[in-house]
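Participant: This is what each chain is made of:
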Amino acid sequence: MRPLDNLKVLDFCWVAAGPMTTGYLAEYGATVVRVESKLRPDVLRSSPPFGGEGRSLNRSGYYANYNANKYALGLNLGSPKAIAIVERMVAWADMVTENFTPGTMERLGLGYDELRRIKPDIILFSTSMLGRGGPNSKLPGFGAVLSSLSGLTGLTGWPDRGPTNPYGAYTDFIAPRFAVATLLAALDYRRRTGSGQHIDMSQLEVALHFVAPLLLDCANNGREGSRTGNRHEAAAPHGAYPCRGEDRWATITCMTDAHWLALRRVLGDPSWMQAERFSTLLGRKRDEDELEALLADATRTWEAEALMRALQSAGVPAGVVHPNKGVIEDPQLEHRGHFVYYEKPEIGRHPVQRSEFRLSRAAAAQNWPTPFIGEHTLQVCREILGMADAEIEPLIAEGVLEVPAPAEAGG
Amino acid sequence: MLSPYRVLDLTDERGLLCGKMLADLGADVLQIEPPAGNTARRVAPFYRDDPGPDQSLFWWAYAANKRSVTLDLMRADGKALFERLVASAHFLIESGRPGELAALGLGCDRLAEINPALIVVSITPFGQTGPYATYLASDLVGMGLGGFMYVTGDPDRAPLRVGFPHFYLHGSAAAAAGAMLAHSQRVLTGQGQHVDVSCQEAVARSLANSLASYAIEGSVIVRQGSYRQTGADTFMRITWPCKDGFVNFQFAGGASSGQSVNNFVRWMADEGSPDEYLLSLDFRAMGYGMITSETMNRIVPPVSRFLLERTKQRLFDGAIERRILLFPVATLGDILENPQLEARGFFGTVESSEFDARLTMLGPFARASAAPLKPGGRAPKRGQHNAEIYVDELGLARSDLIRLASAGVI
Chain A
1 MRPLDNLKVL DFCWVAAGPM TTGYLAEYGA TVVRVESKLR PDVLRSSPPF GGEGRSLNRS
61 GYYANYNANK YALGLNLGSP KAIAIVERMV AWADMVTENF TPGTMERLGL GYDELRRIKP
121 DIILFSTSML GRGGPNSKLP GFGAVLSSLS GLTGLTGWPD RGPTNPYGAY TDFIAPRFAV
181 ATLLAALDYR RRTGSGQHID MSQLEVALHF VAPLLLDCAN NGREGSRTGN RHEAAAPHGA
241 YPCRGEDRWA TITCMTDAHW LALRRVLGDP SWMQAERFST LLGRKRDEDE LEALLADATR
301 TWEAEALMRA LQSAGVPAGV VHPNKGVIED PQLEHRGHFV YYEKPEIGRH PVQRSEFRLS
361 RAAAAQNWPT PFIGEHTLQV CREILGMADA EIEPLIAEGV LEVPAPAEAG G
Chain B
1 MLSPYRVLDL TDERGLLCGK MLADLGADVL QIEPPAGNTA RRVAPFYRDD PGPDQSLFWW
61 AYAANKRSVT LDLMRADGKA LFERLVASAH FLIESGRPGE LAALGLGCDR LAEINPALIV
121 VSITPFGQTG PYATYLASDL VGMGLGGFMY VTGDPDRAPL RVGFPHFYLH GSAAAAAGAM
181 LAHSQRVLTG QGQHVDVSCQ EAVARSLANS LASYAIEGSV IVRQGSYRQT GADTFMRITW
241 PCKDGFVNFQ FAGGASSGQS VNNFVRWMAD EGSPDEYLLS LDFRAMGYGM ITSETMNRIV
301 PPVSRFLLER TKQRLFDGAI ERRILLFPVA TLGDILENPQ LEARGFFGTV ESSEFDARLT
361 MLGPFARASA APLKPGGRAP KRGQHNAEIY VDELGLARSD LIRLASAGVI
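Chains A and B are the protein sequences, given in the same order. As numbered in my numbering, the first sequence has no gaps in its residue numbers, which increase by one up to the final residue, 411. As numbered in my numbering, the second sequence has no gaps in its residue numbers, which increase by one up to the final residue, 410.
The hints are simulated quantities; they were obtained by calculation from the structure and are not laboratory data. Any given hint might turn out to be false.
Said to hold, decoys possible - Heads up, simulated SDA-like pairs for lysine to any residue below, C-alpha to C-alpha not over 25 Å straight-line:
1. B:LYS374 - A:ARG132
2. A:LYS138 - B:GLY318
3. B:LYS243 - A:GLY229
4. B:LYS381 - A:ALA234
5. A:LYS138 - B:THR311
6. A:LYS38 - B:ALA255
7. B:LYS243 - A:THR228
8. A:LYS138 - B:GLY348
9. A:LYS138 - B:GLU321
10. A:LYS119 - B:ALA371
11. B:LYS374 - A:GLY194
12. A:LYS325 - B:PRO165
13. A:LYS138 - B:ALA285
14. A:LYS38 - B:ASN262
15. A:LYS285 - B:GLN55
16. A:LYS38 - A:GLY52
17. A:LYS344 - B:GLU217
18. B:LYS381 - A:ASN221
19. B:LYS243 - A:GLU224
20. A:LYS325 - B:ASP233
21. B:LYS374 - A:THR193
22. A:LYS138 - B:GLU337
23. A:LYS119 - A:ARG191
24. A:LYS285 - B:ARG157
25. B:LYS243 - A:SER226
26. A:LYS285 - B:LYS374
27. B:LYS374 - B:GLY345
In this text the structure is predicted, and so the values were computed from the model without any measurement.
With these hints in hand, go ahead and build the complete structure from the sequences.
Facilitator: Given below as structure tokens:
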């Protein structure tokens with residue numbers, strides 16, 4: 001059985017943070033009906049990489065990673081008849097999820113007060129860049145920008161250079177874990193009290209919890225953070241060092257004297273490592289530039305994997321710096337079954353990442369790959385809303401309901 | 001929201017955030033510290049730069065809203081107290097190495113014997129089993145093996161981690177989601193279970209499209225400093241220097257970014273710096289992350305000139321007015337003065353008689369209309385709640401509490 005077999009979610013989320021949130025719910029058994037329209041498709045559908053040939057809305061591997069196991073309801077929200085269908089779906093749902101710019105749901109007549117009139121105990125999840133209310137709540141943007149506002153960009157980089165953005169729409173992948181915990185807590189609260197609620201999550205505020213100690217340092221001690229590359233205030237060596245081959249690297253971190261002594265053994269204890277000044281943490285920190293340069297010369301002759309294995313066997317925290325290829329082929333992730341591969345027309349073979357935990361009693365079998373827009377429109381209308389085909393067909397003809405084009409439907 | 005539930009939190013600095021999230025959501029979280037105190041109390045920075053046991057700001061940030069009891073699991077009396085706590089708890093969170101609890105006679109089977117409804121959450125770098133299960137991982141090692149570092153940093157230097165340790169935070173936040181999934185199942189079945197979290201997987205899930213790029217297109221994505229590679233020969237530019245610092249301006253195509261870039265190009269023209277080539281392109285139609293290196297090379301010089309002539313505030317004001325996705329690269333000080341955070345009352349203060357000061361703390365990670373989350377409060381002192389739990393709740397005699405304290409069990 002799956003933990004969320006009874007949960008019904010009406011999902012208006014798009015891009016990354018929202019769909020990843022509802023992706024967890026779908027993976028663990030919730031019935032997630034995702035509303036989307038060909039007239040305003042999710043921007044990730046036109047984001048690389050693309051499987052298959054050419055470009056269509058069904059070929060993005062980025063999009064496919066977050067939307068497996070969901071039902072796709074094609075609906076043009078610009079039409080009043082579509083809003084009437086949404087209202088019927090709200091009556092069915094336990095939870096409505098959206099990450100539009102604040103105010104959009106209200107403009108569609110789907111604000112929390114309206115939803116509550118239809119379903120008094122509905123749980124509405126709204127997440128946006130900066131949260132609802134306040135002077136900047138309607139600023140457009142997504143996670144890549146938010147890395148900057150949350151201080152993460154300013155703190156990442158080398159001390160002698162400008163800031164570097166953490167890869168990707170980084171904060172988009174922080175918020176979903178907080179969101180899932182909160183939504184399931186709200187569900188439990190509703191079960192116990194009968195009360196639904198509106199949850200408003202500012203992705204900026206969530207991201208600040210990932211830098212909280214430094215913010216407290218600034219607020220209470222007046223210290224501005226600085227870029228420190230890969231260094232650690234209480235450990236040395238602590239960095240990524242070059243290995244044999246092009247752009248190959250291994251991390252080595254000596255958190256204790258024992259780690260340092262073991263590193264010396266593995267590297268054959270060359271004379272420079274025996275120097276008295278490197279025998280203490282304070283000495284290694286004092287001459288860290290030189291220490292790192294000498295260590296880099298010593299690691300260059302090693303294969304990264306071999307160095308990791310040798311150091312881990314000796315009890316030193318060390319690892320390969322994986323390129324994306326290395327992650328895809330990583331034996332530990334393979335052991336965990338992290339990547340599930342699907343075949344689907346247009347995109348072809350593509351991976352979907354599982355959630356980062358295994359539950360001992362819960363099946364989280366991924367059942368179907370990311371659907372085309374409107375792939376489940378007929379099923380949702382018939383089975384959830386109990387609509388007759390005579391009612392459905394004119395709505396398709398009018399463009400209120402959307403189904404895949406015949407070429408796509410073959411899938 | 002979670003007020004009926006008790007969480008036993010055995011984690012150190014690697015797992016504190018999970019229990020903190022559940023505490024913010026209303027759960028009664030008991031941080032169980034060894035008698036010498038949690039090692040997270042030694043993590044910098046420290047209030048007033050004094051490395052005392054109650055002054056770690058890392059501890060404040062991630063132990064706030066919890067209660068603290070001490071006990072030594074290696075001692076028979078400590079273990080007996082722990083087992084009594086397990087009997088009535090709902091969740092147990094731990095961040096020990098795989099098998100560490102089992103070696104103390106407290107493996108999942110034993111815990112389930114004491115309390116079949118208990119949910120045990122284990123936060124480890126790589127998971128409980130597999131070829132890396134016994135590997136040691138510092139933050140840096142984890143961020144490297146998770147795939148984050150290779151794509152972050154400048155192309156002419158070593159790969160970089162994010163400027164604050166995130167490896168265990170990713171796993172700990174995911175652990176709270178996993179705990180609540182297991183709880184949802186317990187509501188249906190009455191049974192507890194084991195949640196086995198891998199921080200490596202959590203980082204691997206935080207890499208946007210990078211992994212799919214290799215799996216689908218065979219492209220190895222490389223780090224590009226202020227740029228980002230989005231495909232075999234497609235890029236976006238993220239950070240740009242301006243007159244007095246840096247701004248983040250996502251120069252990319254697509255419905256949102258592309259419209260923002262179109263608006264920016266018009267702004268350049270309105271302010272007397274029209275660029276014929278830029279004006280000839282429609283970035284909205286181009287597709288997100290679809291700008292080729294050749295196009296990018298033609299774009300950068302005129303855009304850079306425009307930005308370098310203006311301050312980050314001036315650029316941000318213009319961006320708001322014209323709906324452009326451009327933001328200052330915030331310093332920590334900028335964040336404390338962010339008007340949006342201020343309007344939402346995000347930062348709050350707690351009174352500390354001990355330090356004779358009002359301390360600034362972070363607000364909650366979500367706003368909930370019916371059952372609000374707790375904002376950051378004081379983090380507990382070591383064993384601050386021993387009497388409350390051991391005497392008032394478990395019924396231990398005061399004299400026994402003193403005896404156990406003297407014996408170093410609590």
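Participant: Does the alpha-carbon distance linking B:LYS374 and A:ARG132 stay inside the 25 Å limit?
Facilitator: holds (18 Å)
Participant: Please work out if A:LYS119 and A:ARG191 have their alpha carbons no farther apart than 25 Å.
Facilitator: Cα-Cα ~15 Å, so holds.
Participant: Do the alpha carbons of B:LYS243 and A:GLY229 lie within 25 Å of each other, as the hint requires?
Facilitator: holds (24 Å)
Participant: Is the Cα-Cα distance between A:LYS325 and B:PRO165 25 Å or less?
Facilitator: holds (24 Å)
Participant: What's the verdict on A:LYS119 and B:ALA371, does the C-alpha distance respect the 25 Å limit or exceed it?
Facilitator: holds (18 Å)
Participant: Does B:LYS374 lie within 25 Å of A:LYS285 when you go C-alpha to C-alpha?
Facilitator: Measuring from Cα to Cα gives roughly 40 Å; hence the hint is violated.
Participant: Straight-line Cα separation of B:LYS374 and A:THR193 no greater than 25 Å?
Facilitator: Holds - the C-alpha atoms of A:THR193 and B:LYS374 are around 19 Å apart, at most 25 Å.
Participant: Given the hinted pair A:LYS138 and B:GLU337, is their alpha-carbon gap at most 25 Å?
Facilitator: Roughly 19 Å between the alpha carbons, so the hint for A:LYS138 and B:GLU337 holds.
Participant: Given the hint that A:LYS344 pairs with B:GLU217, test it: the Cα-Cα distance must not exceed 25 Å.
Facilitator: Between A:LYS344 and B:GLU217 the Cα gap is close to 16 Å, so the pair holds against 25 Å.
Participant: Measure nothing beyond the straight line between the CA atoms of A:LYS138 and B:ALA285; if it is 25 Å or shorter, mark the hint as holding.
Facilitator: The hint holds at about 23 Å.
Participant: Check the hint pairing B:LYS381 with A:ALA234 against an upper bound of 25 Å on the C-alpha distance.
Facilitator: holds (24 Å)
Participant: B:LYS374 and A:GLY194 were given as a pair; does the straight-line alpha-carbon distance stay at or below 25 Å?
Facilitator: holds (21 Å)
Of the hints listed earlier, the one the structure fails to meet is number 26.
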